[in-house]
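J.: Residue numbers (my numbering), protein chains in the order written: chain A, 1 to 154; chain B, 1001 to 1062; chain C, 2001 to 2249.
I should point out that these hints are in silico values taken from the structure, not numbers from a laboratory. Among the clues, some could well be false.
What the hints assert, rightly or not - Simulated pairs of lysine-lysine, DSS-like, Cα-Cα distance not exceeding 25 Å: (1) Lys60/A - Lys2119/C; (2) Lys60/A - Lys140/A; (3) Lys2196/C - Lys140/A.
Claimed, not checked - Here are some of the chain C residues that sit facing chain A, going by a computed Cβ distance under 8 Å: (4) Pro2049; (5) Gln2053; (6) Ile2086; (7) Met2121; (8) Thr2124; (9) Val2168; (10) Trp2183; (11) Met2204.
Glycine included, C-beta positions come from ideal geometry on N, C-alpha and C.
So you can see what is in the structure, the chains are spelled out below.
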Amino acid sequence: MKPRHKRLVFIVVGLAGIGIAAALILNAFRSNLVFFFSPSQVVAQEAPLDRSFRLGGLVKEGSLERLEDGVTVRFLVTDNAQTIPVIYTGILPDLFREGQGVVTQGMLGEDGVFRADEVLAKHDETYMPPEVAEALEKAKAAGAGQVEEGGEKP
Amino acid sequence: MSWSEFFAMGGYGVYVWGSYGVAALLMVLEVLWVKRRRRTILRRLGRINQMGAVKVEHEAET
Amino acid sequence: MSTAGINWFKYSSPATFYPLAGRMIPWFAALAVVSAVAGLYLGFFVAPPDYQQGDAYRIMFIHVPAAWMSMFIYVVMAGYAALGLIFNTRLSAMMASALAPTGAMFTFLALWTGALWGKPMWGTWWVWDARLTSELILLFLYIGYMSLEAAIDDPRRASRASGLLAIVGVVNVPIIYYSVQWWNTLHQGASISFDKAPTMAATMLAALLVMTFACWMYAIAIVLMRVRNIILERERHSEWVMGVLEEEK
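Please construct the entire structure, taking both the sequences and the accompanying hints into account.
T.: So this is what it looks like as structure tokens:
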């Protein structure tokens, strides 16, 4: 075997070894790399109760309410299966909207209310002009109306 | 749209121009660094070359 | 001259590549400037504001190309390092070391612009989610590669050791790319990917692609400039370099 081929084999074997090792480590760490828990996971008691963790999901439409002090907000975080109430005092990020993604850090109280000390907005990968978004919204509303009228589902 | 409106970027001016400004700065700096390095190398090699040439001439004389 | 007759190994010789690179640099530099101007025009004057993020999303036109370049340059660098290790070609090792600083620069830019985008939109400069952390590891890999190379005096041994590090580090690139799919992260998924249509308005996409092209051209131009420096340094004892010096005068 020429030295050139030997080196090639050495590198290929080395790379394969590193790849397998990395895959195994990643797999082992998979559960530890969870950035946030969904409301369903919290209800299933997968999230730690004794320490702070992140709760992620969508802000439920129409659930945002401001308390009398003006800086404390209450809203519901949902993954469309389970819902967790969140209470937070502080400034909300610009992208915080009802119906949009959110990741909050805090502790779950015994009363089932999540007390957040940090609220981050999570946006999706869709970018479009406001007019298009409006048109889409209208089309969706019209489409939903039609289905109701016709009484048939696609 | 006025220019001041343009530079305000809907209130996000600091973030937008901070991004593009640093990007432009780094690229300009990188070019300058590489060019300066080239000048240094050429100068140094020029000196070595001259010394070599002197040596060769000297050897030719003897 | 038939195309099949081109001796590719001829171009892998530093003596042939040096003048060739010199002739190509102005073209790539000019393309970089022209496409950057076009891309910025599209990005700031043609592309509309985003329905959610307003004008802040315009950071994307530099953030996304920088992030793409940071990963792509790493793969190319590791490829050259592997070629250098397998075939012992001098030019491959030089290309690998010429790519590293530019790759590191784009990685830093991706992180920097990401922080400036994250603060107003997400509400934080930085989070330790899988995407951001793996991109930070990429920056450390570039820095490690450059330090390792600088730490060893003998250029051949230096490029062998650092080349090995570059090849090992390649595993990080797919981790960065797929991190948003494999784990739940604060960073959103890809708007442009191999397996689905882009989730972005056409003018925004056009601006993004033109800016990406500009970054490509910039990277090629600056790397060719740097590799010419490296060639001069490492080949300074050979006769052709002396010939070049005569011409440069």
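J.: At a threshold of 8 Å, is the proposed contact between Ile2086/C and chain A supported by beta-carbon distances?
T.: holds (5 Å)
J.: Next item in the hint list is Gln2053/C. Is there a CB on chain A closer than 8 Å to its CB?
T.: Hint on Gln2053/C: holds, closest Cβ of chain A at ~7 Å, below 8 Å.
J.: Next item in the hint list is Met2204/C. Is there a CB on chain A closer than 8 Å to its CB?
T.: Nearest chain A Cβ about 5 Å off; hint holds.
J.: Given the proposed pairing of Lys60/A with Lys2119/C, does the C-alpha separation stay at or below 25 Å?
T.: holds (23 Å)
J.: Would the hint on Met2121/C be counted as holding, given a Cβ-Cβ threshold of 8 Å to chain A?
T.: Check passed: Cβ of Met2121/C comes within 5 Å of chain A, closer than 8 Å.
J.: Interface hint check: Val2168/C, Cβ to nearest Cβ on chain A, cutoff 8 Å. Holds or violated?
T.: holds (6 Å)
J.: Quick check on the hint: Pro2049/C CB to chain A CB, less than 8 Å?
T.: holds (7 Å)
J.: Against the 25 Å threshold, does the CA-CA distance of Lys2196/C and Lys140/A hold or violate the hint?
T.: holds (22 Å)
J.: Would the pair Lys60/A and Lys140/A pass a check requiring their Cα atoms to be no farther apart than 25 Å?
T.: holds (19 Å)
J.: Verify the interface restraint on Trp2183/C: the C-beta must sit less than 8 Å from at least one C-beta of chain A.
T.: holds (5 Å)
J.: Using Cβ atoms only, decide whether Thr2124/C comes closer than 8 Å to chain A, and label the hint accordingly.
T.: holds (6 Å)
The structure is consistent with each of the numbered hints, conforming to all of them.
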